[in-house]
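Chain A is already provided as a structure; the job is to place chain B on it using the hints.
Line order of the protein sequences matches chains A and B.
When the count follows our numbering, it moves up by one through the first sequence with no breaks and lands on 658 for the last residue.
When the count follows our numbering, it moves up by one through the second sequence with no breaks and lands on 658 for the last residue.
Since the hints were made in silico from the structure, they are not lab data.
For clarity, every value in this text was computed on a predicted model and none was experimentally measured.
The beta-carbon is built from N, C-alpha and C at its ideal position, and this holds for glycine as well.
All clues given are correct.
Here are the in silico distance ranges between beta carbons for each label pair:
(1) Arg51/A / Asp40/B: 56 to 66 Å
(2) Leu621/A / Arg469/B: 29 to 39 Å
(3) Asn225/B / Arg239/A: 33 to 43 Å
(4) Leu100/B / Pro616/A: 51 to 61 Å
Listed here are the chains, written in short residue letters.
There are 2 protein chains.
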Amino acid sequence: MSGKPEGVRIRDDFWDRYTDLVRETVIPYQWEALNDRIPDAAPSYAIRNFRIAAGLEAGEYGGMVFQDSDVAKWLEAVGYSLATHPDPELERTADEVIGLIALAQHEDGYLNTYFTVKAPDERWTNLYEAHELYCAGHMMEAAVAYYEATGKRKLLDVVCRFADYIGNVFGEGPGQIRGYDGHQEIELALVKLHRATGEERYLKLARFFIDERGAQPNFLVDETNRRDGRSIWTERRLRPTAADMAYNQADVPVREQTAAVGHSVRAVYMYTAMADLARIAGDRELAEACRRLWANMTRKQMYITGGIGSTHHGEAFTFDYDLPNDTVYAETCASIGLIFFAQRMLKLEPKADYADVMERALYNNVIASMSQDGKHYFYVNPLEVWPEASARNPGRHHVKAVRQKWFGCSCCPPNVARLLSSLHDYVYTADPASDTIYAHLFIGGEARFALAAGPVGLAQQSWLPWEGRVRFELTEAPSAPFALALRIPAWCAGQAALAINGRPAPYETKDGYAVVRRAWALGDVVEWAPELSARLTAAHPDIRANAGKAAVERGPLVYCLEEADNGRPLASLSIPADAKLTAAFEAGLPGGAVVIDAEGRADERDSWQAETAYRPLAERLRPIPVKLRAVPYYLWGNREPGEMTVWVRVSDAAGGKE
Amino acid sequence: MSGKPEGVRIRDDFWDRYTDLVRETVIPYQWEALNDRIPDAAPSYAIRNFRIAAGLEAGEYGGMVFQDSDVAKWLEAVGYSLATHPDPELERTADEVIGLIALAQHEDGYLNTYFTVKAPDERWTNLYEAHELYCAGHMMEAAVAYYEATGKRKLLDVVCRFADYIGNVFGEGPGQIRGYDGHQEIELALVKLHRATGEERYLKLARFFIDERGAQPNFLVDETNRRDGRSIWTERRLRPTAADMAYNQADVPVREQTAAVGHSVRAVYMYTAMADLARIAGDRELAEACRRLWANMTRKQMYITGGIGSTHHGEAFTFDYDLPNDTVYAETCASIGLIFFAQRMLKLEPKADYADVMERALYNNVIASMSQDGKHYFYVNPLEVWPEASARNPGRHHVKAVRQKWFGCSCCPPNVARLLSSLHDYVYTADPASDTIYAHLFIGGEARFALAAGPVGLAQQSWLPWEGRVRFELTEAPSAPFALALRIPAWCAGQAALAINGRPAPYETKDGYAVVRRAWALGDVVEWAPELSARLTAAHPDIRANAGKAAVERGPLVYCLEEADNGRPLASLSIPADAKLTAAFEAGLPGGAVVIDAEGRADERDSWQAETAYRPLAERLRPIPVKLRAVPYYLWGNREPGEMTVWVRVSDAAGGKE
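Just chain A, with the same shape it has in the complex:
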């Protein structure tokens, strides 16, 4: 299936706030940052590097080896933004940057300011560490987004020349490098370039990189040995083994991989490309690998918030069911990559599970990362925070209790910007072959689809995440029948009512979607009401960190307890298994939000002598009844800094049904 609906535009009470924030604040702010104009911030050097590479300015390269990708991600976000919100001034600025990028490109098509300015003789000698193809990939993604938004080919031509050059450098032929990048990204970008240009050779190159990965002898190991272990990160000589390349998902061929391992962003970017290639080529073996990796990652290595990667050491996966809440990593970029992967799997095979996970990551881990002013970010998205431990226990220094100015590290904020400004791409997929439109996310807006049955226009209005109520109206309808498939969210537990033009309507359930195939008329209204109620959720018994605990959820939202509402220590609190959860809209929270209240218990502490660490359990007094208040996880840390926890002790562990 082609999958890409045309001209979706978001108009949604909940999401407009975020997409507006990205357009009005994040993109302009990032532009200032890229130009080193943010007071009190470390300079980015990113635009300056391009000016130096273009010969317009003298100086030394600045920033990380992958600094170019920040410019690319910004341009990509600009592209998405212009697609729905034309802005001539922003477009002019972008065109100037594109002109600069074109000037920095070499005659042979090569484009990378680090190697141009700092190490001109070292092109393609350190794929393992230097992110050379990674930066190329981001520039390709930017070019495609900008081209699709504006129709302007200049950057697309630049990256096509670059891609053609890369296609000459890499391959199985004599004199070609039979290798791949240490950080996956170009693979998914080449698929996009193929989509924009129709050129098969880009697809072939993507498949080459995917299929070479993990082949023996190991390219990244051999390359490192050829450099005698010289590293751009450390003085120490590197002597990696093939097994070490699990960090880069290059220890075994991708088709043989069964569990998510290594650096989590690298992993999900790669899986995304794998799913793309599986779909386009009908590659069943690759599709099977994608399903295996998806299952392992989302069922055994994913936090309830949609966070992945449980250790900050290498920003990596660890192993099944190891999901500590306090020493967690759950990087923002990794959840964004998980959303990319989920979207590609939906294009491969529309199954609600993929969309359930996509929604989970989006409404929780991803938007929690950004402050309500759009200028502060979490890179690590913990499920349990004790601010004093973050400050004073070095094993928890990486877990920040307060969002950091976004320019402190440059990878996550632009990733949030490009995701949210392209949010319209994640709402639907369409299958022209079966004349089916799938609604995966319930986010309001208008969309058009080209089906075999004819063109379809659809306006969605959604009351999510606060109410389980969605309305679709046919704004354009072909005469031939087609199917509308609405996701039955896992959180409604199968309780979802459909009405067409005001009358309850039956539906067929397929792969987690409510499917209605019929002849539609202009103005037809479909009302969709998945039951949305607050609930307590338990974790698998092998997730040691959550034993005896529950999380509060409501619809797509995960909730958390904050010190601001519940005092401290939060660990003293417990919730009865049969607690009545009361939802109420609280206008005082940023943007307004539904909070959940319950009668809970607090371990009493007045009977403790101040200066005793341990005492007989028999001395404890009855716990104290307390009001518990849970707020949406995405809002945590927007009030005074304090403790936060997603998982709460269940005080009636003896209960449960027979």
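Chain B only, in chain A's frame:
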């Protein structure tokens, strides 16, 4: 009070196994290691370094900068061992080593093979990092132990010459270094040297080091700057601040310190010397600082096992109530240092709290560190182990699920050896002024005391830790009255019966001791029966890690659950608050031990679909009744590797008295 009883000798059913192991296995094995004769082990180089420094052999220095201290700790352990178990062959070997050490000493008294062999021009230029006075201190401790055991002065003379030289180098006078070591140790050693020689100048030098520490401007900072930040550990230039010196307890003067901070072994070695000096000089301000630091450390920063130092980053304290069970450090050496400190506080003021902590650290953290063969050790003593996480989550790599061959790192095993071979020094203190003998630990053996009342001989027989039964017999009695003060262990909750010659006897309670002052006769028998029962213990509500959990204890022993008895995951298990705890002797465990059984519950898991991480709490079924078995913590990890936990969920969190 002098505090040092004469000629105590251990004969104890429980402890003989350990002291025999040290004498018969650890000391000989360590000798082989020091001589690089252990197959498949990294060489120590320690003896070889002395041979090179002595001019007997050519070669380069090997091992850590503080490698000399391994030889010293071995000699110290040998000294203690010879004091109670003469062994001519061992003594001959020790004498040879002492000859070698004397040969390695410089004309001016200086002694350190690292600086002699590797950096002869850099003496006293890097006190911050190079452990120069630390190594000197260990050699002094060895010399005193060997002298007191054998009467031989050779090593004592060597260290006196060295100490006199150090006294010339360091001080407030012109041309002297007004500084101190980065790793405290010499301070407590100089106090011992004073005890052995009666020389006041050694005490004065110890006090100089203690009083200079943390003074402004900061010596360690200035010294580092004088070297332009050159480091022996890293290529990076160091630019430490005075605040950074909290790691070395040198950020503020010791008298102003209020909480345990920094590297935990450095801290407790320093506190030990502070308590010594406070006692000897009657320094009330210093005594008050000791009490403050003791209170903070033992009431807010100590694990229930007597472990201290909750992070492996810098092997350090973090802050109050931050006692994670899984990412714990709780280094063996730190608990040994805590025992030193407790012993010195008991000499300063006999209060049972010090002995309670000493007993807790000894019976739990310290002896758990050693395997039952004496050849494998834990450096980190966790309270919760998931072997797969230790292997696959880098944040838990430092927590080993299996004891390591002891020569892998050289600090903890020799420290265990010197503590256990001098265990007799920790059982009693005597206060000649008040004619009182304090029994702090209930460990069998014979002891002699010189009181004003006259010489006293006491034979203790103890059934601990299995039975709450201790028997003292007067083997020598003066005609004048004197007092016997028996510790009332915190674990008996005040329930302790005393009988003299078979008849119940009343006693006065003072500072946690049962005091009986009377005229004693040869053959008098005192029976002491502190009630020893299994109990559940809760942690302070601010210790987040233990919320809703309890530990099983019995007498001085902390218990733990192991996978070998209880299956996995242990996190699935819970114990009712009112569980009946049944104690039974289990001969099958190493050495035989009392285990504790209880009826508990296990979260059911059969209803979980294999591939779901999260589900509604309401779907859970009733927990399954299971038999729980707890074994003494000191025995953990002596069967097949598996999970272990000290803290267990309490399943009836609603209970407790009104």
